[in-house]
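Keeping their order, the protein sequence lines are chains A and B.
Following this note's numbering, the residues of the first sequence are numbered contiguously, the last one being 194.
Following this note's numbering, the residues of the second sequence are numbered contiguously, the last one being 194.
The hints are all genuine.
In silico DSSO-like cross-links for lysine-lysine, where the CA-CA straight-line distance does not exceed 30 Å: (1) A:Lys57 with B:Lys57; (2) B:Lys57 with B:Lys98; (3) A:Lys98 with A:Lys57; (4) A:Lys98 with B:Lys98.
Computed Cβ-Cβ distance ranges for the label pairs, DEER-style: (5) A:Ser55 with B:Arg13: 50 to 58 Å; (6) B:Thr122 with A:Ala29: 27 to 35 Å; (7) B:Gly31 with A:Pro167: 17 to 25 Å; (8) A:Leu102 with B:Asp11: 49 to 57 Å; (9) B:Arg9 with A:Glu58: 47 to 55 Å; (10) B:Ala17 with A:Ala63: 47 to 55 Å; (11) B:Thr122 with A:Leu102: 24 to 32 Å; (12) B:Thr122 with A:Ser55: 39 to 47 Å.
Simulated from the structure, these hints should not be mistaken for lab results.
Ideal placement from N, C-alpha and C gives every residue a C-beta, glycine not left out.
As a plain string of letters, each chain reads:
2 protein chains.
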Amino acid sequence: MTVDKPAQRADARRNRARVLAAAEEAFAAEGLSVPLDDIARRAGVGAGTVYRHFSSKEALFQAVVLERIEQFSQVARDLAASDSPGGVFFSFFEDVIKQASLNRALCEALGETTGFGFKAETGAEFRTAFDVLLRRAQEVGAVRADLDGDDLRALIVGCLAVERHAPGSRHLLRVVVDGLRVTSADALGSADAL
Amino acid sequence: MTVDKPAQRADARRNRARVLAAAEEAFAAEGLSVPLDDIARRAGVGAGTVYRHFSSKEALFQAVVLERIEQFSQVARDLAASDSPGGVFFSFFEDVIKQASLNRALCEALGETTGFGFKAETGAEFRTAFDVLLRRAQEVGAVRADLDGDDLRALIVGCLAVERHAPGSRHLLRVVVDGLRVTSADALGSADAL
DNA sequence: GACGATACGGAACGCTCGCTCCGTTTGTCA
DNA sequence: TGACAAACGGAGCGAGCGTTCCGTATCGTC
Numbered sequence: 001m002t003v004d005k006p007a008q009r010a011d012a013r014r015n016r017a018r019v020l021a022a023a024e025e026a027f028a029a030e031g032l033s034v035p036l037d038d039i040a041r042r043a044g045v046g047a048g049t050v051y052r053h054f055s056s057k058e059a060l061f062q063a064v065v066l067e068r069i070e071q072f073s074q075v076a077r078d079l080a081a082s083d084s085p086g087g088v089f090f091s092f093f094e095d096v097i098k099q100a101s102l103n104r105a106l107c108e109a110l111g112e113t114t115g116f117g118f119k120a121e122t123g124a125e126f127r128t129a130f131d132v133l134l135r136r137a138q139e140v141g142a143v144r145a146d147l148d149g150d151d152l153r154a155l156i157v158g159c160l161a162v163e164r165h166a167p168g169s170r171h172l173l174r175v176v177v178d179g180l181r182v183t184s185a186d187a188l189g190s191a192d193a194l
Numbered sequence: 001m002t003v004d005k006p007a008q009r010a011d012a013r014r015n016r017a018r019v020l021a022a023a024e025e026a027f028a029a030e031g032l033s034v035p036l037d038d039i040a041r042r043a044g045v046g047a048g049t050v051y052r053h054f055s056s057k058e059a060l061f062q063a064v065v066l067e068r069i070e071q072f073s074q075v076a077r078d079l080a081a082s083d084s085p086g087g088v089f090f091s092f093f094e095d096v097i098k099q100a101s102l103n104r105a106l107c108e109a110l111g112e113t114t115g116f117g118f119k120a121e122t123g124a125e126f127r128t129a130f131d132v133l134l135r136r137a138q139e140v141g142a143v144r145a146d147l148d149g150d151d152l153r154a155l156i157v158g159c160l161a162v163e164r165h166a167p168g169s170r171h172l173l174r175v176v177v178d179g180l181r182v183t184s185a186d187a188l189g190s191a192d193a194l
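Given only the sequences and the hints, what does the whole structure look like? Please build it.
Structural data, given as structure tokens:
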């Protein structure tokens, strides 16, 4: 099935890893706007070497982000079997926000409405795992039923914006979490104000 | 008190207004990233003319945004005397979000943690008027008491991010609004999950 | 209508940055 | 160890854009 690989040279493998590591660090700190030359310098290689391994700066960014999102997917899958779906969902929800708020690359990728991030086809694995957690939490009544996965992912993006604006304010995250717990019966009182 | 003005020429006044109008439209549609040449072209003037009236592209942006934020301040002041502080607060809260979500310049300015927007000293007037609305809503128990003006402004920024990611989803705004209504007694149940 | 001050326009400058090109170096294998 | 392919590095190209400069046009006034 797989075509014979040309057997990459050892220095090429090493340099590719260095570029990825440098990019991960640089993108996390400064986001997509970090100049590619900076990444090359951090990696101890020339710009040409970066382009030998990644077709564009954006492809490098995507590779870095994707790796991280797939870590999240794995965590979500591991949690799916838990027997306290409510607690598991909220702790995962908050964990994603906490991790991403420390990583500008993730913030920018998830915040993008197009390209990479939640909405990209590459993020399908994440969406599936996340939707399972959400559905189970809704089945036990821990999360209001009038929301779907896209809604929750949009809320994650919103929470990231809040976090960037008011770093470390856990009571703001609680506002959203409390809003997610509200049942339709509780929420009746808000209808007139809207 | 005011120094004698050099009596601006008529064409200069006209061009300044044109530039402002073009900038308002262009920034609203494309945000700060719109090239200044585009604004000049839309206004029917040369780039040099823009710089005669505004010291930099950023100064022009700030002028446009500030005008808009002061409109909000005026609305907030007008609402301050209302005898239903809860309803007034939430309708203002949502109105700001609705208006800003249609205006990319506002989104970007408010989302900035530095520079212009909520946090700038130029936004002090807005902050004062907004804080009055919030305090009155909290006094009648319509909004939970463990939040201050900065918290609410951060939530506005978050709601704007949500709105950009999931346009027109009013039920997501309701999640936040419901979260704002939760009293500390209601919220006790969420403590274990955090 | 003529003159001086004011304002205009847009070519050009300088800078950043993604990306490419090619002469040189390095790894691999016989 | 020699030879060839693979990989490297970094100078340089080109595009985009904020800003400036200065020759020209226009306004206001006498």
